Amino acid sequence: MIGGRGPEAASGRSLAGAVARRWRDAVTRRPRADAVTIRRPRTRRTADTRPPLVLLVPALAGLGFLVLPLLGLLVRTPWSTLPQRLVEPPVLAALRLSLVTATVATAVCLVLGVPLAWLLARVPFPGRRLARALVTLPLVLPPVVGGVALLLVLGRRGLVGSYLDAWFGVRLPFTPAAVVVAQAFVAMPFLVIAVEGALRGADRRLEEAAATLGASRWTVFRRVTLPLVAPGVAAGAVLCWARALGEFGATITFAGSFPGRTQTVPIAVYLALQTDPPAAVVLSLVLLTVSVVILAGLRERWVAR
Amino acid sequence: MSPTSAASPDPVASPDPVASPDPAASPDRAARPDPASRHALHADIAVRLGDFRLDVSLRVAAGEVVALLGPNGAGKTTSLRALAGLQPLDAGRIALGDTVLDDPAAGVFVPADRRPIGVVFQDYLLFPHMSIVDNVAFGLRCRGVRRAEARRAAVEWLDRMGLAAQTRLRPRDLSGGQAQRVALARALAVQPHLLLLDEPLAALDARTRLETRAHLRRRLRDHRGATLLVTHDPLDAMVLADRIVVIEDGRVVQEGDAAEITRRPRTDYVARLAGLNLYRGTGDGPTVALPGGVALAVAEPVSGPVFVAFPPTAVALFRVRPDGSPRNTWPARVDGVERHGSHIRVHLDGPLPVAADVTPAAAADLGLAPGTEVWVAVKATETSAYPAA
Numbered sequence: 002m003i004g005g006r007g008p009e010a011a012s013g014r015s016l017a018g019a020v021a022r023r024w025r026d027a028v029t030r031r032p033r034a035d036a037v038t039i040r041r042p043r044t045r046r047t048a049d050t051r052p053p054l055v056l057l058v059p060a061l062a063g064l065g066f067l068v069l070p071l072l073g074l075l076v077r078t079p080w081s082t083l084p085q086r087l088v089e090p091p092v093l094a095a096l097r098l099s100l101v102t103a104t105v106a107t108a109v110c111l112v113l114g115v116p117l118a119w120l121l122a123r124v125p126f127p128g129r130r131l132a133r134a135l136v137t138l139p140l141v142l143p144p145v146v147g148g149v150a151l152l153l154v155l156g157r158r159g160l161v162g163s164y165l166d167a168w169f170g171v172r173l174p175f176t177p178a179a180v181v182v183a184q185a186f187v188a189m190p191f192l193v194i195a196v197e198g199a200l201r202g203a204d205r206r207l208e209e210a211a212a213t214l215g216a217s218r219w220t221v222f223r224r225v226t227l228p229l230v231a232p233g234v235a236a237g238a239v240l241c242w243a244r245a246l247g248e249f250g251a252t253i254t255f256a257g258s259f260p261g262r263t264q265t266v267p268i269a270v271y272l273a274l275q276t277d278p279p280a281a282v283v284l285s286l287v288l289l290t291v292s293v294v295i296l297a298g299l300r301e302r303w304v305a306r
Numbered sequence: 003m004s005p006t007s008a009a010s011p012d013p014v015a016s017p018d019p020v021a022s023p024d025p026a027a028s029p030d031r032a033a034r035p036d037p038a039s040r041h042a043l044h045a046d047i048a049v050r051l052g053d054f055r056l057d058v059s060l061r062v063a064a065g066e067v068v069a070l071l072g073p074n075g076a077g078k079t080t081s082l083r084a085l086a087g088l089q090p091l092d093a094g095r096i097a098l099g100d101t102v103l104d105d106p107a108a109g110v111f112v113p114a115d116r117r118p119i120g121v122v123f124q125d126y127l128l129f130p131h132m133s134i135v136d137n138v139a140f141g142l143r144c145r146g147v148r149r150a151e152a153r154r155a156a157v158e159w160l161d162r163m164g165l166a167a168q169t170r171l172r173p174r175d176l177s178g179g180q181a182q183r184v185a186l187a188r189a190l191a192v193q194p195h196l197l198l199l200d201e202p203l204a205a206l207d208a209r210t211r212l213e214t215r216a217h218l219r220r221r222l223r224d225h226r227g228a229t230l231l232v233t234h235d236p237l238d239a240m241v242l243a244d245r246i247v248v249i250e251d252g253r254v255v256q257e258g259d260a261a262e263i264t265r266r267p268r269t270d271y272v273a274r275l276a277g278l279n280l281y282r283g284t285g286d287g288p289t290v291a292l293p294g295g296v297a298l299a300v301a302e303p304v305s306g307p308v309f310v311a312f313p314p315t316a317v318a319l320f321r322v323r324p325d326g327s328p329r330n331t332w333p334a335r336v337d338g339v340e341r342h343g344s345h346i347r348v349h350l351d352g353p354l355p356v357a358a359d360v361t362p363a364a365a366a367d368l369g370l371a372p373g374t375e376v377w378v379a380v381k382a383t384e385t386s387a388y389p390a391a
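For the record, the sequence lines run as chains C and Y.
Our numbering puts the first sequence at residues 2 to 306.
Our numbering puts the second sequence at residues 3 to 391.
Please keep in mind that the hints were generated in silico from the structure rather than gathered at the bench.
Everything numeric in this text was worked out from a predicted model, so none of it was measured.
Mixed in with the good hints, there may be bad ones.
What the hints assert, rightly or not - Chain C is faced by these chain Y residues, among others (derived, beta-carbon under 8 Å):
{"hint": "1", "residue": "Ala86"}
{"hint": "2", "residue": "Phe111"}
{"hint": "3", "residue": "Val121"}
{"hint": "4", "residue": "Phe123"}
{"hint": "5", "residue": "Leu127"}
{"hint": "6", "residue": "His131"}
{"hint": "7", "residue": "Phe140"}
{"hint": "8", "residue": "Gly141"}
{"hint": "9", "residue": "Val147"}
{"hint": "10", "residue": "Val192"}
{"hint": "11", "residue": "Arg221"}
{"hint": "12", "residue": "Arg274"}
{"hint": "13", "residue": "Trp377"}
We put the CB at the ideal spot given by N, CA and C, even for glycine.
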């Protein structure tokens with residue numbers, strides 16, 4: 002990383018930290034130092050604007066690599082039977098389950114993640130850097146590993162799960178609640194990083210001004226801090242929701258794949274591919290559409306402000 | 003300044019029943035001892051920030067306006083933050099009236115949100131997501147005043163500030179001068195016993211500054227509590243304050259009213275602010291021995307360590323050694339020439355560095371340019387010498 006990224010860029014040298022910073026930069030749209038102005042030689046009047054082939058060929062190949070599979074999806078979509086297929090009960094059930102669980106997971110992430118981001122951004126405590134790194138760990142952790150970890154802790158014989166079962170009769174794994182837990186586990190870092198970045202960017206002196214006017218810390222948070230970082234919270238919530246919607250590995254490990262109960266759209270896509278490929282294509286198209294809508298919305302409302 | 007607020011008699015003197023902490027006591031303040039008058043500030047501030055040490059004592063009576071004047075980095079803003087409760091003291095004590103706000107030795111610290119102190123911040127720090135009226139009502143809302151009442155009081159304050167038409171705007175829609183007045187209204191709306199202003203005019207352009215300064219002066223005169231104003235601009239300090247405390251490098255170097263400070267500066271910084279030449283020397287009757295071997299004749303006999311000050315207008319420049327009185331002349335070389343209003347300020351090197359003001363015509367006659375050799379003459383009657391101890 003080459004200089005000029007602000008003091009916080011120096012903190013957290015872990016991979017998780019690097020990923021976190023990248024996300025924070027993407028979300029808060031901080032200018033990056035690696036943008037360099039290239040000065041053209043003055044002597045040549047017919048400027049050689051063609052990029053060298055050595056760069057152009059891999060660049061175009063890379064673009065194709067990212068775009069072609071999506072085009073393939075569109076080409077193979079059974080457009081004529083699309084409406085009927087979309088309203089088939091198993092498809093509808095998977096869609097409904099995905100929308101509900103992703104939304105609940107996002108709500109859980111907001112309730113827990115915004116205060117967590119505030120803690121990380123505003124309250125100095127020993128081990129804060131470690132906490133920050135741990136929070137971002139699920140970003141780089143393979144989701145399957147996350148699912149296994151959740152099973153070990155919240156499963157029927159798990160560290161916490163056994164008590165949940167013994168004391169409250171709550172058995173989490175392989176229920177819709179488990180889907181929410183798996184999605185929230187994987188998606189929360191997106192929200193925390195976005196909100197923390199927004200909090201660090203917000204002018205703390207406004208909070209001090211509010212304090213001098215008699216506002217308690219809670220009032221300051223509610224009436225000044227939160228409104229100031231609202232765009233960051235919204236962007237984080239959308240990213241969080243999109244990540245929860247696409248969750249596969251942790252969900253199938255921790256919640257299984259029971260149609261109508263824990264079989265979300267990504268899992269349904271995977272299973273349909275073996276029995277009914279056109280159905281898989283239709284469901285994939287739905288997820289692709291949601292992603293494109295979110296990307297467009299994010300760009301227009303928060304990123305390209 | 004809007005014509006309405008300039009023309010109307012000041013309504014601010016009538017206390018706002020909503021804003022008063024004790025509604026029963028406020029409606030007829032004139033008949034009772036003014037509650038704010040009991041709240042004099044008595045602060046001994048000691049703060050360490052890394053290598054910087056701040057150690058100042060401030061006394062501000064109720065109704066008095068004191069300016070804390072000093073160069074950047076002198077500790078002005080840190081003092082203000084300590085008073086506001088945003089920077090805890092390392093040692094010392096802050097008391098407002100009978101209430102101790104910070105006393106590390108006694109383990110007392112009243113947090114910012116429980117101090118009866120209003121702050122106008124340097125760039126105003128209006129809440130960008132709230133309307134102007136909600137900004138002003140914010141403090142009252144935090145003190146438990148109901149929404150409708152707080153808004154009504156806020157509208158009254160804005161009316162007094164000549165901003166009745168702007169209540170629904172957002173801070174970003176305001177000019178600098180308007181934002182300053184909103185910030186002042188927001189701080190005053192809670193009727194603080196102590197009002198703190200951090201460089202209240204620094205963010206304004208020259209023209210707006212002139213108008214806002216006049217407006218601010220009226221508002222501060224009406225404020226019944228103590229007022230402490232932090233500034234690096236001597237003009238702001240002289241126009242707005244009853245008394246000036248000069249701090250440099252975390253220490254109070256001089257204290258007094260504007261006339262006293264400009265007449266008898268005690269440091270280079272103050273002298274430069276006042277536009278005076280200032281030297282430290284040893285008095286010996288009618289002359290003062292200054293560094294560089296210059297013996298300066300002064301108006302009144304002095305002895306021992308003294309300061310000698312004279313304005314640049316008291317310095318005359320000559321091509322050749324002037325005839326007549328041989329005293330207070332020495333050769334010098336022009337170091338720099340700059341335009342200063344209608345006259346030319348000449349900075350001179352030599353045994354004694356000195357600033358002189360001459361007319362443009364005289365500057366042309368003398369052919370003044372950096373490097374020109376001239377003779378300096380200072381009239382003894384225009385010098386003032388006073389004890390340095």
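To see whether the hints hold, each was checked on the structure:
1. Ala86: holds (5 Å)
2. Phe111: Where the cut-off is 8 Å and the nearest Cβ of chain C is about 13 Å from Phe111 (chain Y), the hint is violated.
3. Val121: Hint holds; Val121 (chain Y) Cβ to chain C Cβ min 4 Å, cut 8 Å.
4. Phe123: holds (6 Å)
5. Leu127: holds (4 Å)
6. His131: holds (4 Å)
7. Phe140: holds (5 Å)
8. Gly141: holds (4 Å)
9. Val147: violated (10 Å)
10. Val192: Hint holds; Val192 (chain Y) Cβ to chain C Cβ min 6 Å, cut 8 Å.
11. Arg221: Since the shortest Cβ distance to chain C is 18 Å, the answer is violated.
12. Arg274: With a closest approach of 31 Å, the Arg274 (chain Y) hint is violated.
13. Trp377: violated (54 Å)
Violated hints, listed in ascending order, are 2, 9, 11, 12 and 13; each of the other numbered hints is respected by the structure.
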